[in-house]
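Visitor: The residues making up each chain are set out below.
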Amino acid sequence: MPISDNQNLLEVQNLSAGYGGRRVLHDVSISIGKGELVGLLGANNAGKSTLINCLSGIVAADTGRVAFDGNECTDLAPHLRVERGIVHVPEGRLLFPGLTVRENLQLAGINPTVRRDREARIERVIRLFPRVGERLDQLAGTLSGGEQQMVAISRGLVSGARLLMLDEPSLGLSPLMVRTIFAAIKRLNEEEKLTILLVEQNLRLTIAHASRCYVLEHGRVVLSGSSAELAEDPRTRKAYLGM
Amino acid sequence: MDLLIQALVQGVLVGSTYAVIALGMGLIFSVSGIINFAHGDLIVIAMFMCLSAFTALKVDPYLALAVTVPAMVVLAAALYRFLLRRMIGRPFLITVQLTLGLSFMIQSLLLMFYGGEPQRVPSLIEAQIWLVGDIVFEGKLVVAFAVSVVLSVLLFWMLNYTDFGRSVRAIRQNAKAAALMGINVERARLKTFMLGIGVLALAGSLLVPGMSIQPTAGLHLTVITLLAVVLGGMSNFAGILIGGIVIGIAEAFGSIYVSGTLGLIFPYLIFVAILLFRPAGILGRSQ
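If you read the sequences in order, they're chains A and B.
Under our numbering, the final residue of the first sequence carries the number 243; numbering is consecutive throughout.
Under our numbering, the final residue of the second sequence carries the number 1287; numbering is consecutive throughout.
Treat the hints as calculated values from the structure; they're not laboratory data.
A few of these clues could be false.
Claimed, not checked - Distance ranges between label pairs, derived from CB positions:
{"hint": "1", "chain 1": "A", "residue 1": "Glu-72", "chain 2": "B", "residue 2": "Thr-1055", "range": "52 to 62 Å"}
{"hint": "2", "chain 1": "A", "residue 1": "Glu-119", "chain 2": "B", "residue 2": "Glu-1186", "range": "54 to 64 Å"}
{"hint": "3", "chain 1": "B", "residue 1": "Tyr-1268", "chain 2": "A", "residue 2": "Pro-130", "range": "48 to 58 Å"}
{"hint": "4", "chain 1": "B", "residue 1": "Ile-1088", "chain 2": "A", "residue 2": "Lys-34", "range": "31 to 41 Å"}
{"hint": "5", "chain 1": "A", "residue 1": "Arg-131", "chain 2": "B", "residue 2": "Lys-1176", "range": "21 to 31 Å"}
Heads up, the beta-carbon is just placed ideally off N, CA and C, and yes, glycines get one too.
If we strip away everything but chain B, and leave its shape as in the complex, we get (with noise of 0.2 Å):
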């Protein structure tokens, strides 16, 4: 039993910050219809600016959020205007080829300024414990989930409340008549984008306290949020975030039920046997 709420714990404190990561993706496919294989690689960038920060001046990563979450955003409005705008209305597998290209550019150049073997960024809290009957709360963890929960309700307030929340609505049920309404749609597009970069880094840091890091560990998280986010409905937002949670529970019990590799499939089983219920996603209905 105990065990059983352990993994329960752990998925949903690790799952949350899956969900903030996959509602970025989400935002960014609603607006622009463009799903970012690279998504995951460049939480990885954020990750390894974490590890220069510390090997370079002892930065913890939750310090140097100050400089990769801005980064981030930079690097992200780069990409959107001379890539990934173009790549807007064109068929599909056009943009996966791209941001797969994309992924594949940005493990290389990762290779080379790191090389390969697998490296850790520590910080001050990773060892941080806490003991709840005979649960354990990893202090990383809460902190992720905390920020993560924190982050969620932003997101959910901005989109209800502010006029860029309401134009990304606008713009994802009919981008045409939002530019008749006089929204820059262009523009909120490009805020979008690097509102949903700007998140993923800041997730980066929360991820990475006592994380092994490689160049090559994009593409699962790219996978990982894909599954999140197909779970959700793809632009359910709302969806989005249970279908995070939900990941984050399946790779706990993986880890913790089942022993070895065996177990990293357990996610891929449980998205698989979702969809098979609910094709449109866990919410139902996709947009």
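Extracted from the complex, chain A is given alone in its bound form (with noise of 0.2 Å):
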């Protein structure tokens, strides 16, 4: 562990979950501390959407603790978990594509931490991704899928998230645009000093944007250290490979 327990913003213990008594993830001991860019690696069904979903609170824990800044969030429901700051950009997006752009934004501040100055944050995405700002009266389903992801990280920046978590934000789109939403990603983390746990199919991208990875097989974290230390270790892409 690099960094002592109350400094760390998640801590999550020995955390097992699974769908209706299938278990997907065992055991799983992970931690974020403040700021940091975490990521998250491994095959198709390696557990990461799951443990995500275990984080949000769309699946239930069976065993372990999930800790946010200090405080016990295990049985937390997923909209409690927002209005602490545990906000969760899901995989392919999931946007309300029959609501426009400025309605899904104003949604995700509808939580009381944030919905005072929910106008004011809808302003503060919109210089980080002008694209957003130019398509505020357009349904999201009309949206190209960068513009989507623009949109659903934007959904995650109003709602007030202290803890971004990322899943799959390359999946799909153009290499152009993988590089403005990975650019976008380091500058919250870098100049916004905000804490996101990045989920990548993407090795390359993940090793050279995250400071420290998981690397999930089977449910379990098999391996974990700093980027730099993973992407020579060849049991990382074994891992990832799924062999």
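Hey, can you piece these two chains together into the complex? The hints should help.
Guide: Written out as structure tokens, the structure is:
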């Protein structure tokens, strides 16, 4: 453990979870310090999405505990976690396609922590993603994949994320758009000191951006360390390919 | 020609109330996936409350609203909390069975308290009619129409311009994403259920003056409502309003042009005919 317990923003201890009796996560322990950008790597079905779903409260934990900023939140409902600042930008973005971009952003600012200054927050994400500003009155379903990802991240920021969990933000995007999105992620982390958990299939991208990574295989953490170390370790690639 | 216009007028006036009742059902369906087969029986409960208010205190059904709406909203909250909430996400047939069972329970309870004889709830304006040319406008239907229009406008305003309305639309599109956005999905569902049943209680007072009510009338009302919802495309709110009007008009044509029992099946014939050509509802795409 690189950082002592009370400094960690997120502390996950011995977490197990699954769906309808089929266990997917086994005894996972991870921690994320304030201001860190941590990567979560693994092959398909390694349990990455289950872990992140468990952290946002969509999937219930069977055993173990999750603490955020020193407070227990293992059994908290998803909307209450958003209130505290645990925000999950889901795989496939899951925008509300029949609502305008503005309505998507307004809904993200519905929790009591940020509701009062949500218009100011929307202004701020528009400065980060000017493209989102141009599309405010368009239905979210009519945007390109990259624009939708920008809106998805914007929603997370409007909700008042203190820990932003991004599930596969590069999925289905053009290389150019991937670069734009990752530049924004890096800026959020470096300039705004936002703590980020990045779940990605793209090994190279993740290692290039995250300072530390965890590698999941069959629902267990099999490797962890600095991105530089993991990049050298042959086991990373092996786990990543799911062999 | 006058008869045709009369049928249309009658149909639109009655249909507007069907439309708001159906809108309540559609709102509930769109946030929870539940089709409430006791919807009509809840209207009948509201109507019998009006009857009791009249027999005990000589209160007009329009004034009884002050009691029936809050009472039904509380009943709705209890029903949701203890019964229907558990059905969300379960196989559709289970909710159908449960709410049908509820329907029969309500019918039996009403039968125990009020007996099986048809009863009437009079109202001040029950016999009021206006003539425009040769077309008859019944006072109670005009009131029902006016209130229903105002109610629909309010509901649409709410859906489009309030946080609650946006949440409802968001949950309709993707409940999981809504939860991740910090929306309290469970509370929004409860509020929607209370809203839908509150609207229905109000509609009960609009329909009841001069109507003969029976404990077993609920299922018919449920079916009429369901026809409007299906015609509208299940969770297309504008479509549901049109669906309600269409069913109202079909019913009026059935009763004016076709004699006896045969007229009663007219709405169903129209329903089948429309769905043959527009299987996803009048406005086309279902969500």
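Visitor: State for each hint whether it applies.
Guide: Hint-by-hint comparison with the structure:
The hinted window of 52 to 62 Å between A:Glu-72 and B:Thr-1055 holds, with their beta carbons roughly 57 Å apart. About 27 Å separates the C-beta atoms of A:Glu-119 and B:Glu-1186, a value inconsistent with the hinted range of 54 to 64 Å. Remark: the range hint 48 to 58 Å for B:Tyr-1268 to A:Pro-130 is upheld by a beta-carbon distance near 55 Å. Here the CB-CB span from B:Ile-1088 to A:Lys-34 is close to 38 Å, well matched to the stated 31 to 41 Å.
Under the hint 21 to 31 Å, the C-beta atoms of A:Arg-131 and B:Lys-1176, about 26 Å apart, fit the expected range.
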